[in-house]
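Peer 1: Single-letter residue listing:
2 protein chains.
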Amino acid sequence: MSDQPTKDAMTPEERHRERMQRKKELVDRKIARATIDRGVLVVNTGNGKGKSSSGFGMLARSLGHGFKCGVVQFIKGTFSTGEEAFFRRLAGDQLDYYVMGEGFTWETQDKARDIAAAQAAWKIAAGMLADPAYDFVLLDELNIALVKQYVQLEQVLEAVAARPPRQHVVITGRGAPNGLIAVADTVTEMRVVKHAFEAGIKAQKGVEL
Amino acid sequence: MSDQPTKDAMTPEERHRERMQRKKELVDRKIARATIDRGVLVVNTGNGKGKSSSGFGMLARSLGHGFKCGVVQFIKGTFSTGEEAFFRRLAGDQLDYYVMGEGFTWETQDKARDIAAAQAAWKIAAGMLADPAYDFVLLDELNIALVKQYVQLEQVLEAVAARPPRQHVVITGRGAPNGLIAVADTVTEMRVVKHAFEAGIKAQKGVEL
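Protein chains in written order, with the working numbering: chain A, 49 to 257; chain B, 49 to 257.
Note that these hints are calculated values from the structure, not bench results.
Certain hints may be false.
The list treats identical chains as interchangeable, and a pair is accepted whether it falls inside one copy or across any two copies.
[To be verified] Using 20 Å as the maximum straight-line C-alpha spacing, the simulated SDA-like pairs for lysine to any residue come out as follows: (1) K253 - I79; (2) K242 - V208; (3) K116 - R137; (4) K124 - R65; (5) K242 - R222; (6) K242 - V231; (7) K116 - L138; (8) K171 - E206; (9) K72 - E246; (10) K242 - A230; (11) K253 - R81; (12) K116 - R136; (13) K124 - E73; (14) K124 - D76; (15) K72 - I163.
With the rest of the complex left out, here is chain A (with noise of 0.2 Å):
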């Protein structure tokens, strides 16, 4: 109670300076602590929207920062997709971007085809992974390709683990599996609330395309 009287006599002001400053402790001391600096292993997952566009806006910030970046996208639909037009033509050789999917499985409905598919694509990947230029590696809808086996997470696991140092990976897509999500650095698990797509709306241009 001892120090009732003095808070009384502060401003909503002084108050607000006050709450901020603890808060402004609190973080410095969290920020103070994480000392550790090294590549990370981002993994999105969860049914929700945003694991791949997320993906694309570390990519989008990885080449702000002037960092050769990599992309394979392991599953691709036949639709064309602003991201790739976009970042296709604007970064030249600070990317290298493979689009190695040839479409939905339910479109192929040739498993053989969708197997050689992604063993191509990961055969490209697996280059990015063991090559210290890479700054940033985008591997997206991987875990698709992972829980179909149609690439082994052995293999993923291994590449992963040998990966240059201060190289960061991120992967994307439903049902990653555990032995993925254990090794990683940062997962999030996008849920979803809702969807237009439930309520009767297209896929949007510059949304979902």
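Using the hints provided, position chain B relative to the given structure of chain A.
Peer 2: Frame of chain A, contents of chain B only:
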């Protein structure tokens, strides 16, 4: 039981094709039902990583489609961010980009200044929402300003409802108010499974910055 013998006679490839054909019919029916074609309101919320980066990924998609885009960042740390460098460098007059916040509330420690900055940012945002020239508008971290009531929810709901029918709007930040979720078309909660920062890893350029 009557078609059991036929199924048994199918090769694994035929069974895969049949399963995928059924899936394709299901997906195609869903796509056929989604006939509404208009601008959508997307909200990214929750405590996990990916809310802003997903917004910037959608911005890249929109720019890739040649859309006129607007970005207002309501809260900005003192660090320089890769996405700002990247998008400013190359988008030219296809993009208007405003960074309005002067830092996190615990950095400024000045509530009146924070409110003034949020209000100035909202004024720019409201102008974009009223302007049919903008196809895509990203209001990054607006939810934070709403939670703190530096911007009033009623103002935002009104501006969003009155916007041009083809305009897409993406609003990000923790703690999206229920009133905003109610009118949004697509809402994702980014849920933390784990975060590198909690394991003592510094915020990384290209990933967080």
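Peer 1: My question is about K72 and E246: at a cut-off of 20 Å on alpha-carbon distance, are they close within one copy, between copies, both, or neither?
Peer 2: between (42 Å within a copy, 17 Å between copies)
Peer 1: Measure nothing new, just compare the shortest in-copy and cross-copy C-alpha distances for K242 and V231 to 20 Å and report within, between, both or neither.
Peer 2: between (30 Å within a copy, 11 Å between copies)
Peer 1: My question is about K242 and V208: at a cut-off of 20 Å on alpha-carbon distance, are they close within one copy, between copies, both, or neither?
Peer 2: between (34 Å within a copy, 18 Å between copies)
Peer 1: If the cutoff is 20 Å on CA atoms, where do K116 and R137 land: within, between, both or neither? Let me know, please.
Peer 2: both (16 Å within a copy, 17 Å between copies)
Peer 1: 20 Å Cα cut-off: does K171 pair with E206 within a copy, between copies, both or neither?
Peer 2: Only inside one copy: K171 and E206 sit 13 Å apart there, 51 Å across copies, limit 20 Å.
Peer 1: Classify it for me, K124 with R65: is the Cα-Cα distance of at most 20 Å met within a copy, between copies, both or neither?
Peer 2: So K124 and R65 pass the 20 Å test across copies only (19 Å; inside, 51 Å).
Peer 1: Using 20 Å as the alpha carbon limit, work out where K116 and L138 are close: within a copy, between copies, both or neither.
Peer 2: both (13 Å within a copy, 17 Å between copies)
Peer 1: What label fits K72 with I163 when the C-alpha limit is 20 Å: within, between, both, or neither?
Peer 2: The answer is between: 18 Å across copies meets 20 Å, while 51 Å in one copy does not.
Peer 1: Evaluate K116 and R136 at a C-alpha cut-off of 20 Å and name the case that applies: within, between, both or neither.
Peer 2: This pair counts as both: shortest intra-copy Cα distance 14 Å, inter-copy 19 Å.
Peer 1: Checking an output row: K253 and R81, CA cutoff 20 Å. Within, between, both or neither?
Peer 2: between (42 Å within a copy, 18 Å between copies)
Peer 1: At 20 Å max between alpha carbons, let me know whether K242 reaches R222 within a copy, between copies, both or neither.
Peer 2: both (17 Å within a copy, 16 Å between copies)
Peer 1: How would you classify K253 and I79 at a CA-CA limit of 20 Å: within, between, both, or neither?
Peer 2: between (39 Å within a copy, 15 Å between copies)
Checked against the numbered hints given earlier, this structure breaks none of them.
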